[in-house]
Amino acid sequence: MADRAGNGAAGHPSGDERFGVLEKALKRSRYSQDQLIEILHVAQGVFGYLSEDVLVYVGRELKLPLSRVFGVATFYHLFTFEEPGEHGATVCTGTACFVKGADRIVDALTSEFHVSAGETTEDGRFTLKTARCLGSCGLAPVVVIDGAVRGHLDAAGVLEVVAEQMAADDEADTEDTTPAEADAVASGAANEARL
Amino acid sequence: MAGPIDLYDVANAERDARAHFSRRAFVCTSTGCLSAGASAIKQQLTDTVTDAGQEQGVQVVPTGCFGLCSRGPLVRVETRDQQPTLYEHVDTDTAQLIADDHLLEGRQASADTVSLELPFFARQEKVVLSNAGKIDPDRIEDYVGQGGYRALQSAVETMTPEGVVKTILRSGLRGRGGAGYPTGRKWEFLSLADGDQKYVVANGDEGDPGAYMDRTIMETDPHRVLEGLSLAGYATGASQGYIYVRAEYPLAIERLERAIREAKRAKLIGRNVLGSDFRFDIEIRIGAGAFVCGEETALMKSIQGERGTPTLRPPYPTERGLWGKPTMIQNVETLANVPVILERGAEWFASLGTSESKGTKVFALTGSLNNTGLIEVPMGITLREIVEEMGGGIPDGRAFKAAQSGGPSGGCIPAPYLDTPVDYENLQKLGSMMGSGGLVVMDETVSMPEVARFYMEFCRDESCGKCTPCRAGTVKMHAFLDRIVSGVGRRRDLQHLESLCHTVRATSMCGLGQSAPNPVFSTLEHFRDEYLELLVPDEAFGPDGNGSSPDAQRAVATSPGGVR
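Those sequence lines, one after another, are chains A and B.
Going by my numbering, the first residue of the first sequence is number 1, and it counts up by one from there.
Going by my numbering, the first residue of the second sequence is number 1, and it counts up by one from there.
Heads up, a few of these hints could be off.
To be verified - Which residues of chain A face chain B? A partial, calculated answer using Cβ under 10 Å:
1. Tyr49
2. Gly71
3. Phe81
4. Gly94
5. Ala131
6. Val142
7. Leu153
8. Val161
9. Met166
It should be emphasised that the hints constitute simulated quantities derived from the structure, not laboratory data.
All values reported here derive from a predicted model rather than from experimental measurement.
Note that beta-carbon positions come from the ideal geometry of N, C-alpha and C, so glycine has one too.
Pulled out of the complex, with its shape left as it was, chain A reads as follows (with noise of 0.2 Å):
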């Protein structure tokens, strides 16, 4: 997690630290256009997603124009524009996932928590999302609840172990870690902050 005490590198007039992780990407990448895929990951690692704020800074960096970074962010599936919820399951739909009625457990948890896939709870306690192979087909059906990849589950043990990870929250809620931090930690090598 970027140190909120010290570093003074940030490069946004919000002061908020975690541009100044932004920035080292970009001074790394020599602020080269070219690698503007490579700074959105970067950008959607640190925040948990990307705000119309970061992407303008993105643009004026990189001197580009807005057009642009909305275009190729807005292209690919992986970046998401909406401050994810507190808890998350991904669901793969890929074919072996299919094929072992993965739809059976987006429609359990759609119906469980009114969401489909894409969308928060109004709450904000709960994002449910779809992935396209995680390449993990001999765990089939595959979920990654909370960064976390769980195989071989039925619906009902999906909405179990959901259930379970929301409650663990609940006791240990003197932690006040919000998604964006832990996303923050995680630093774009791991697979909850890119799913």
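Let chain A serve as the given structure and place chain B on it in line with the hints.
Just chain B, lined up with the frame of chain A:
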């Protein structure tokens, strides 16, 4: 400044170091087994050995994929005097048994094992995956210890670039990304292209759902990909290489990044490759979730940091590619074949496989099978051998219905064709294609119109939107399929669907749209009855066509504008 490492010195040192260990445990640390908890198991084995003070005699090696993903996490133990033992479904309890009994005491632990004589293993022919399960992908010394980078060394020291191209041409190697274009021919085009700057690109944007061959190669043996790409650069006169990897493969990216750093330090890539005049740099570029970026012109746009939309060919990338310079795009598995072809010779490679399809192919075997995972088999093996022998048949006594190959661009192969030899030509004749190597087995409970709808939904979501036939066509084709699957389709929906499929195939700009109708064509060809059973019969609509039966009324009511 220090010179390049001496490959033979490193290999000898590795061999001597290995000789000290009387017992070695290999833990699969590819994505599949890691998801099932392999990294804790590796740690547990290492800790137990270290706590017992046995680290001089017992080695724990994290390796790439063993292949049998459905039985993971997998641990293989090798000792000096016993046959190797492969433990399956290892958890923390069995890991402790393996560490205590087998690693420390030298006797087999009482835990579940898989026979290495299983057809799943015995029928394989490992060329590309020869190091899988044997080396630590994070150590360049491990790769060099298996003879790695010697092909590159002998190429830059003893062969002309033309000689390398000729060898690849003679080997008969064809592109493993799907279309099967002769690799040597592409290399020849690029080497003959004019230009002060040329690029070679490894395509690791493995987008087909149900396929993970390239991911496994990159995770298991990253240096092999670097060596293959460097050889392509040497042969064609390119000084810059890119590896384009899906962002969904963080582990592959991490291992490739490390491999590039180590290869640079060892002077195996960079300014003077192995002390020669050949200069070659490699950079990784990361995708962001767009299936269409597997198409070579779209991929190049994405490398340039743009929207990944394809462009019309010609001009082909070997004429005008990245930043307008001649560029060659090669699939990861294709490149992984290159070092071994140069090392063992074009004739050896050409002796594997069939007359038109040489060598081996890696398949991701998934779906309704007892053994699922990754296999590498000689071209020409029959589907029956793969499904029944290697895959161990269908679980729960259900019957085989179809094998789907080629992902959203491919098709379904039904039971009567199980004895077809698997190669580029035969699969195409059956209305499917080799594709990148995903092989999904479906049992009798799977509805084929639903499979077609599944793939069409995929293509609809993944269409980049640049050309109308694909952008609008996939939406319409999906709507027809959805009506049919939902039981409100009628005969003319099916007729419209088929005619639209022909149009989209003929008029789309790139491979995504051109092949999007394939799953429909192939399921219609082999399973038309299933579609017909779902249709509301014409008689139900009565003479005025407005519908008298409940089914027909529903069909009329739900018919979207223009679809009736």
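Status of the hints after comparison with the structure:
1. Tyr49: 14 Å, violated
2. Gly71: 6 Å, holds
3. Phe81: 13 Å, violated
4. Gly94: 3 Å, holds
5. Ala131: With a minimum Cβ separation of about 7 Å from chain B (threshold 10 Å), the hint on alanine 131(A) holds.
6. Val142: With Cβ-Cβ at 7 Å, under 10 Å, it holds.
7. Leu153: Violated - the Cβ of leucine 153(A) stays beyond 10 Å from chain B, reaching only about 12 Å at its closest.
8. Val161: Violated - the Cβ of valine 161(A) stays beyond 10 Å from chain B, reaching only about 14 Å at its closest.
9. Met166: Methionine 166(A) check fails; min Cβ-Cβ to chain B is 22 Å, beyond 10 Å.
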